[in-house]
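Q: Taken in sequence, the protein lines are chains A and B.
Per our numbering, the very first residue in the first sequence carries number 1; after that it's consecutive.
Per our numbering, the very first residue in the second sequence carries number 1001; after that it's consecutive.
It cannot be assumed that every hint is accurate.
Said to hold, decoys possible - Dumping the calculated DMTMM-like pairs for lysine to aspartate or glutamate here, alpha-carbon to alpha-carbon at most 20 Å:
| # | chain 1 | residue 1 | chain 2 | residue 2 |
| --- | --- | --- | --- | --- |
| 1 | A | Lys38 | A | Asp7 |
| 2 | B | Lys1050 | B | Glu1094 |
| 3 | A | Lys32 | B | Asp1098 |
| 4 | A | Lys32 | B | Glu1094 |
| 5 | A | Lys38 | A | Asp54 |
| 6 | A | Lys32 | A | Asp54 |
| 7 | A | Lys32 | A | Asp48 |
| 8 | A | Lys38 | B | Glu1094 |
| 9 | B | Lys1050 | B | Asp1098 |
| 10 | A | Lys38 | A | Asp48 |
| 11 | B | Lys1050 | B | Glu1073 |
| 12 | A | Lys38 | A | Glu75 |
| 13 | A | Lys38 | A | Asp63 |
| 14 | A | Lys32 | A | Asp7 |
| 15 | B | Lys1050 | B | Asp1010 |
| 16 | A | Lys32 | B | Glu1105 |
| 17 | A | Lys32 | B | Glu1110 |
| 18 | A | Lys38 | B | Asp1009 |
Rather than coming from a laboratory, the hints here were simulated on the basis of the structure.
Note that the structure is a prediction, hence the values are computed from the model and not measured.
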Amino acid sequence: MTAESNDLVISRLVRAPRAAVWRAWTDPVLLKEWWCPKPWATEVRAFDLRPGGDFHTFMSGPDGGTSDNPGCFLEVVPQSRIAFTSLLTGGWRPATPWMAFSAVVTMADEGEGTRYVATVMHPDLATRDRHEELGFFDGWNTCIDQLESFAAGLGR
Amino acid sequence: MANQQAALDDVFYALADPTRRSIVNTLGQGPASVSALAAPFPMALPSFMKHLSVLERSGLVRSSKQGRVRTCELQPRVLTQAERWMARQRAVWEARTDRMAALAERLHQEDPRHDR
């Protein structure tokens, strides 16, 4: 990977078989339970699970803030792999998202459970300033603030 | 930029462990000797030193030796704007992944037969 400085790799050992992980991911009724943190709510506007199919989430917060995220599935391998992007919408139609990214999630057997790895790739940091403006991350700032407090020695 | 991200990953890794977070918390109150830091933990000193070296590699902690006493000190570290942005993205995806994993584990517990 060339732009790895803008990549995130998140890995978890899930104590459930792949079928359960796959179900949590691919049933839109279940996906909206975990896609964004409460009190934000996720509306799954499209979930056409096939390459080129629409994947569109719309999130709304308690203070009236919203985040509209149309996208497109790129690759779907049952119980194994899902790739999707914000740079296209259904039918491979090019999009100009407010945040450009592609993500690949993989699921593999590991012991009694499942190794789940999400790789989220961002093209560059040019879009980040627009991102900052939205204030969508207010709910998550606590985590970063804690990190900085730890790092600065000002923590609890 | 790549170095910045690698450095940030080291910080996240360092803080992902309860022993190391506890060390950082203690050092938040001021510098301390290795032996004083290690005392509350029921682990052998070499294991404790491994935790300490992870913290030192991340840049969060610096240590210096005077005579026979090694003293550790927290290093103030302010994230750059780029680091903050990536840290936020990471926070989003880490938390999202935790929620997904918790739901999958609940599904499995509720009905272990159907998901094989």
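Q: Each hint needs a verdict: does it hold in this structure or not?
A: Going through the hints against the structure:
Between the alpha carbons of Lys38(A) and Asp7(A) the distance comes to roughly 26 Å, so the proposed pair goes past 20 Å and is violated. Using a Cα cut-off of 20 Å, the hinted pair Lys1050(B) and Glu1094(B) is violated, with the two alpha carbons roughly 25 Å apart. The suggested pairing of Lys32(A) with Asp1098(B) holds, with an alpha-carbon distance near 14 Å, which does not exceed 20 Å. Distance check on the hinted pair: Lys32(A) and Glu1094(B) sit about 16 Å apart at the alpha-carbon level, within 20 Å; holds.
Under the criterion of a C-alpha separation no larger than 20 Å, the hint pairing Lys38(A) with Asp54(A) is inconsistent with the structure, at around 24 Å. Of the supplied pair hints, the one linking Lys32(A) and Asp54(A) holds, its CA atoms being roughly 16 Å apart against a limit of 20 Å. Distance restraint check for Lys32(A) and Asp48(A): the Cα-Cα separation of roughly 15 Å lies within the 20 Å cut-off, and the hinted pair is therefore satisfied. Of the pairs offered as hints, the one joining Lys38(A) and Glu1094(B) holds, with about 15 Å between alpha carbons and a cut-off of 20 Å not exceeded.
Distance check on the hinted pair: Lys1050(B) and Asp1098(B) sit about 27 Å apart at the alpha-carbon level, beyond 20 Å; violated. With a C-alpha separation of about 25 Å, the suggested pair Lys38(A) and Asp48(A) falls outside the 20 Å cut-off, and the hint is violated. At most 20 Å may separate the alpha-carbon atoms for a hinted pair to count; Lys1050(B) and Glu1073(B) meet this at roughly 16 Å. Between Lys38(A) and Glu75(A) the CA atoms are separated by roughly 29 Å; this puts the pair beyond 20 Å, and the hint is violated.
The hinted pair formed by Lys38(A) and Asp63(A) meets the criterion: a straight-line CA distance of about 12 Å does not exceed 20 Å. Restraint check: the Cα-Cα separation between Lys32(A) and Asp7(A) comes to about 24 Å, which exceeds 20 Å; the hinted pair is violated. For the hint linking Lys1050(B) to Asp1010(B), the alpha-carbon distance of about 14 Å falls within 20 Å, and the restraint holds. Under the criterion of a C-alpha separation no larger than 20 Å, the hint pairing Lys32(A) with Glu1105(B) is consistent with the structure, at around 16 Å.
Taking the CA atoms of Lys32(A) and Glu1110(B), the gap is about 19 Å. The hint holds against a cut of 20 Å. Between Lys38(A) and Asp1009(B) the alpha-carbon distance is near 26 Å, which puts this suggested pair outside the 20 Å criterion.
The structure does not agree with the numbered hints 1, 2, 5, 9, 10, 12, 14 and 18 stated previously, though it agrees with the rest.
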